[in-house]
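Chemist: Chains A and Y, in that order, give the protein sequences.
Each residue of the first sequence is one higher than the one before, counting from 1 in UniProt numbering.
Each residue of the second sequence is one higher than the one before, counting from 1 in UniProt numbering.
Rather than coming from a laboratory, the hints here were simulated on the basis of the structure.
Take these hints with a grain of salt, some might be off.
What the hints assert, rightly or not - Simulated pairs of lysine to aspartate or glutamate, EDC-like, Cα-Cα distance not exceeding 20 Å:
| # | chain 1 | residue 1 | chain 2 | residue 2 |
| --- | --- | --- | --- | --- |
| 1 | A | K427 | Y | E319 |
| 2 | Y | K193 | A | E159 |
| 3 | A | K427 | Y | E78 |
| 4 | A | K427 | Y | E136 |
| 5 | A | K244 | A | E136 |
| 6 | Y | K427 | A | E86 |
| 7 | Y | K43 | A | E319 |
| 8 | Y | K12 | A | E197 |
| 9 | A | K429 | A | E136 |
| 10 | A | K427 | Y | E140 |
| 11 | Y | K429 | A | E136 |
| 12 | A | K429 | Y | E150 |
| 13 | A | K427 | A | E140 |
| 14 | A | K193 | Y | E78 |
| 15 | Y | K127 | Y | E140 |
| 16 | Y | K427 | A | E150 |
| 17 | Y | K43 | A | E140 |
| 18 | A | K12 | Y | E197 |
| 19 | A | K43 | Y | E150 |
| 20 | A | K43 | A | E86 |
| 21 | Y | K427 | A | D122 |
| 22 | A | K43 | Y | E78 |
| 23 | Y | K429 | A | E197 |
| 24 | Y | K356 | Y | E319 |
| 25 | Y | K427 | A | E136 |
| 26 | A | K429 | Y | E197 |
Unchecked claim - These stretches of chain Y come out as covered by chain A in the derived footprint (C-beta under 8 Å, 3 or more residues):
| # | stretch |
| --- | --- |
| 27 | 134-142 |
| 28 | 269-277 |
What the hints assert, rightly or not - Which residues of chain Y face chain A? A few of them, derived with a C-beta cut under 10 Å, are:
| # | residue |
| --- | --- |
| 29 | Q50 |
| 30 | I101 |
| 31 | D122 |
| 32 | L153 |
| 33 | Q154 |
| 34 | Y414 |
| 35 | L421 |
| 36 | G426 |
| 37 | K429 |
The beta carbon of each residue, even a glycine, is placed where N, CA and C say it ideally should be.
What follows is each chain in one-letter form.
There are 2 protein chains.
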Amino acid sequence: MEGLTKIDDLGKPRVVIVGGGFGGLELAKALAGAPVQVVLIDKQNYHAFQPLLYQVATAGLDEGDIVAPFRKILSTQENFYFRLAEVMAVNTADQVVETSIGRVRYDYLVLATGATSNYFGDAEMAKNSIAIKSVEDALELRNTVLSNFEQALQLGDREQLNSLLDFVIVGGGPTGVELAGALSELRKHVFPKDYRELDFKEMDIHLVQSGPVLLKGMSANASQRALESLQQFGVQVWLNARVKSYDGYTVTLSTGQQLITRTLIWAAGVTGAPISGLRADCLLPGNRYGVDDFNRVLGYDHIFAIGDIAAMRSPDYPEGHPMVAQPALQQGRLLGQNLSRLLAGQPLQPFRYHDKGAMATIGRNHAVADIKLFGREYHLQGFLAWVAWSIVHVVSLIGFRNRLMVLLSWTWSYFSFDKGLRYIIGKTKASLVEADVDGKAIV
Amino acid sequence: MEGLTKIDDLGKPRVVIVGGGFGGLELAKALAGAPVQVVLIDKQNYHAFQPLLYQVATAGLDEGDIVAPFRKILSTQENFYFRLAEVMAVNTADQVVETSIGRVRYDYLVLATGATSNYFGDAEMAKNSIAIKSVEDALELRNTVLSNFEQALQLGDREQLNSLLDFVIVGGGPTGVELAGALSELRKHVFPKDYRELDFKEMDIHLVQSGPVLLKGMSANASQRALESLQQFGVQVWLNARVKSYDGYTVTLSTGQQLITRTLIWAAGVTGAPISGLRADCLLPGNRYGVDDFNRVLGYDHIFAIGDIAAMRSPDYPEGHPMVAQPALQQGRLLGQNLSRLLAGQPLQPFRYHDKGAMATIGRNHAVADIKLFGREYHLQGFLAWVAWSIVHVVSLIGFRNRLMVLLSWTWSYFSFDKGLRYIIGKTKASLVEADVDGKAIV
């Protein structure tokens, strides 16, 4: 029997896309003119611009400025349908996706589920740390940082105080580096005005990186410069160190060093977010689906995977492409064209990754960028890299409104040295601070 | 014993303000130069601009644009201290406020706790309806409205469908009128593009008002015009009707009429939010503290009340002043001056309310305004009133950033006919929609 609002069966093949990140959204757009019905399923009703989540977490941007509702982005695309749902499993025999709102039939299925934090099996770490993979994560981190300072005002014990004022960031990739830089800016320009009663010499920012360099994968020049800038900003960088354990209070590093913090931010690694129902042998290490040059999941004709969840292994990329925005965008775009070719009986075009380089910002006027243009690589740093980073990120945002708002927020922050969004709304990481009778005596 | 971060005792009298709404914040500012220590206690770390909450609830504004952190607003005021805490009770004998973070001594106490929704003792209504008194309320309403439409896509039963698409607003004051207008704009300009599969003729907006007119307290002209505009926008207005009961699905009116909705928005009345510890006889009907002409709570020398929580009865205002922003602002300002006078041994100045009039917006180019200037009253309506309303609200916001952002958002919305913030982040009112096997067959 039919629902009143059943997805119209247009007699066209249906492409079901699971996940509306960079890859899934780009694919949906690329299918605009194709003779297919496009059904995007996501557990959020919006696309989040992940590279700027750290700015939401540090009160620099409003979450509304970096998200865009799918229905709004694609409101004029006639063959586009959206469903807010969680996907539980794929039934390949019936060509059906099992979701929280029922079964959705597909002719072509594209998995674009992205990646999730990798805690390497450490359940205690997963429970006690804060990730920064989603908008909700970023808001929770912002709320937690601000709540920490509010609570710190009541404490009489120095170690307890430091457990709230100190932050440990695990992972020296772009997210970890950018977050450490943003926290150091808050420490320098913003928090001392807000919390005049606290001594911000007590606030330590630790960045823990398992390897010998920050920003692994970028040029040696960029890595070195990022390290120097962070150290100049007073961030304590621990290279060649791993976190062995964290109980919500004490961080023990592989070097034996112990750090005290109630706020450990986990930016140390990601793993694919696969869906049950596919054969186990198509899942490669890192929980990514092995795909051929056309992003077809190995062993399946009608199932594709793009972006972080796909590992397209090649001599240049033996473990698949880096888990960043560009491969996802490029694969999404090409798969859109290839699906049209497939339906028209034309030969498919294999994927070739165009590496445009990488960039990371460390703070005000400080960034590093490796830019690949016309076969050459340019290394930028300092103010120029920072301007390049800002332009690339504003332009990459979705929608005129978001671009304008982010540009204005940044301009305002730049000249005022302020981050205006320091409000606590929504979830805060449950505080473990015990009643401190001495400190409570604020009478 | 002292905490590390004890509030400095400056040897100056301490004024403790409970609540940072319009009144409490204005008072804190007015005490900037006074020889006192100002301690503001609030359970949020920000001031929320309540008159625009309805726009947050209808995806027109970002919550970040209408809130301002107290610490930021008053970061340059040297005698200002903020504490994030809930106040449980006042101990008048010890001159101490009992809070969630301990006891806070006061020399002068000012209660500015505002008002809360009045459900007239109907616990079922309190549980099943959504209020719109706080930012969290507004976000929950926005999330719920959007979730309703997402869920409606799965339903096969017409009554079930209507229970999600229809909205009942109880209360014909400014909040109810403005919300009804905003929902009707979404229905006309925004939702049909987002949800092409739904028939928006099915979406009904009901506004239930107990009395014979909308916007009671404004001019007859304004009331009539608001009614006509809403009806023109397709809002079903029920005058002289009260809600007798609501079980989360069926609304029964005093007229016998029944309406079906899963979303009832309660904007029907407010009651003071008093604190325990004061003598029962100073609490007047409506849960407001009776105060003298200097906002001193009857029977106490060192305890004051301002804004919604205060009822200063006079021949012109036998039940106290209207529970809106202006009396709170004016009382806060005057009390700041009077506390300085008190400390200087000068006579206090009694409060005189300067009624500037009232305004309400119904939608694009439609508003009503009764403006009192130089002893005369002017009635504006339509486009002119809408421009006046917009200017007054932008100017009243706190901080340059918020003013700029709201102005831009409105300008953008005006020309694009769009409301951009249609994302679901955070709490949603628990849905009661049963699994609908027919509707779920979206295969």
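Chemist: Going through the earlier hints one by one, which of them does the structure break, listed in rising order?
Modeler: 1, 2, 3, 5, 7, 12, 16, 21, 22, 23, 26, 28, 29, 31, 34, 37
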